[in-house]
Amino acid sequence: MGYYSYGLPPFVVVVIALYILLTGSGEAFNVGRFLEESSPYAWAATGIGLCIGLSVLGAGWGIFITGSSILGGGVRAPRISTKNLISIIFCEVVAIYGVIIGIVYSAKLGEFVPEAHLYTRENYFTGFALFWGGLTVGACNLLCGLCVGITGSTAALSDAADPNLFVKILVVEVFGSILGLFGLITGLLMVSQASDFSAASSLASPLVSVA
Amino acid sequence: MSLCPPYAPFFGFAGVASAMVLSTVGAAFGTAKAGIGIAGLGTFKPELIMKSLIPVVMSGIIAVYGLVVSVLISSALTPASYPLVAGFVHLAAGLACGFTGLTAGYAIGVVGDSCVRAYVHESKVFVSMVLILIFAEVLGLYGLIVALIMNSKVTGLEVC
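So the sequence lines, in the order shown, correspond to chains A and B. Under our numbering, the residue at position 17 of the first sequence is numbered 16, and the numbers go up by one with no gaps. Plus 101 on top of the position in the second sequence (first one is 1) and you've got our numbering.
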């Protein structure tokens, strides 16, 4: 029943696209021009925001999945409460990765460059690198936080059933936490060749024309 | 129309991101789903846990495939002289590796979960489980191979 509403956004997009095409201004749809005219600062800032936002979302999600299981299992088996806090720490580490990358990326924003001198090749590159790097780190940390959270919840309930199981299920949790580390590595590699935002010596902007 | 426009790295970076993120979706799902099954097995037969960690290890390998492709693509990205064709091919390589890794991780997770639960009751299931997991893993490997072939086509391209 609710699936009918999924058709409305594509329908609106198709109507707008056909209108643009059939009224003779099809050239207005120009991905390259959009990428050239959008500010690199917009891309960079969005990436940094996504990085920290999605990482913390993943960490929080994992913490509440694990925490509710620890507390629930702790009713009948109070001994599990202290040992299973390590699963909470595994989830927290994912948020720390997001903070680290957010700080490293923020350092690349550098001095403010006025718009007329902003649109150089290096600045475009840095803007795109920070956007996609931030999205990669954020999404990988979100998934890692979820995975560690589910596995930590499983470990807590297994520990409540049998104390010997905790260390063995912790191995699965370690495998889950390497996903966040891979995201961190990829995020750092992406911006390794991106320089800070710097002003061009002469006019460099698709928006300001020398009239 | 330049062959090396300044927005070409946008597509290259999109390839890096999709390789890493989509493989991680598969790896995370595989690890979590198989982990739930392993905990279920451990409650009844703790001595079988070490052998049942195979699905979890294979999910980690899927994430490594994504890491390999994203490192390979990001090493080729430079602000100067990066052709647009390289951007599109890198995006395609990242999507190939990413979506196959997503599928492989999903398959490994579901197969691992149900097979380790069967392993509690019947120990002869183990060999079939490993065989099925290998076939699921190889899906991710196909994506890695295609991504590597595509990447090799655009390395060392002297266009601009």
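No wet-lab data here; the hints were simulated from the structure. Virtual Cβ for every residue (Gly too), placed ideally from N, Cα, C. Please note: incorrect hints may appear among the correct ones.
[To be verified] The list that follows gives simulated cross-link-like pairs (lysine-lysine, DSS-like), each with its CA atoms no further than 27 Å apart:
hint, chain 1, residue 1, chain 2, residue 2
1, A, 107, B, 225
2, A, 167, A, 107
3, B, 225, B, 152
4, B, 146, A, 107
5, B, 146, A, 167
6, B, 225, A, 82
7, B, 146, B, 254
8, B, 254, A, 167
[Unchecked claim] Stretch by stretch, here's where chain A covers chain B in the computed footprint (C-beta under 8 Å, at least three residues):
hint, segment
9, 118-131
10, 134-147
11, 198-208
12, 229-238
[Said to hold, decoys possible] Calculated Cβ distances over 12 Å to all of chain A for the following chain B residues:
hint, residue
13, 103
14, 151
15, 182
16, 254
Outcome of the hint check:
Of the supplied pair hints, the one linking residue 107/A and residue 225/B is violated, its CA atoms being roughly 57 Å apart against a limit of 27 Å. Between residue 167/A and residue 107/A the CA atoms are separated by roughly 42 Å; this puts the pair beyond 27 Å, and the hint is violated. Using a Cα cut-off of 27 Å, the hinted pair residue 225/B and residue 152/B holds, with the two alpha carbons roughly 13 Å apart. Between residue 146/B and residue 107/A the CA atoms are separated by roughly 53 Å; this puts the pair beyond 27 Å, and the hint is violated.
Using a Cα cut-off of 27 Å, the hinted pair residue 146/B and residue 167/A holds, with the two alpha carbons roughly 12 Å apart. Between the alpha carbons of residue 225/B and residue 82/A the distance comes to roughly 35 Å, so the proposed pair goes past 27 Å and is violated. For the hint linking residue 146/B to residue 254/B, the alpha-carbon distance of about 51 Å lies beyond 27 Å, and the restraint is violated. Proximity of residue 254/B to residue 167/A is assessed by CA-CA distance (about 45 Å); at most 27 Å being required, the pair is judged violated.
Beta-carbon proximity to chain A at under 8 Å applies to 8 residues in the segment 118-131 of chain B; the threshold of 3 is reached and the given coverage holds. Coverage of the segment 134-147 of chain B by chain A holds. Counting CB-CB distances below 8 Å, 8 residues qualify, and the rule asks for three or more. Coverage of the segment 198-208 of chain B by chain A is violated. Counting CB-CB distances below 8 Å, 0 residues qualify, and the rule asks for three or more. Residues of the segment 229-238 of chain B lying with their CB closer than 8 Å to a CB of chain A number 0, which falls below the three-residue condition for coverage.
Chain A draws residue 103/B into its interface by the beta-carbon criterion, the shortest separation being 10 Å against a cut-off of 12 Å. With a least CB separation of 7 Å from chain A, residue 151/B falls inside the 12 Å interface cut-off, contrary to its annotation. With a least CB separation of 9 Å from chain A, residue 182/B falls inside the 12 Å interface cut-off, contrary to its annotation. No Cβ of chain A approaches the Cβ of residue 254/B within 12 Å, the least distance being about 22 Å, so the stated non-interface status holds.
The structure fails hints 1, 2, 4, 6, 7, 8, 11, 12, 13, 14 and 15 (numbered hints given earlier, in ascending order).
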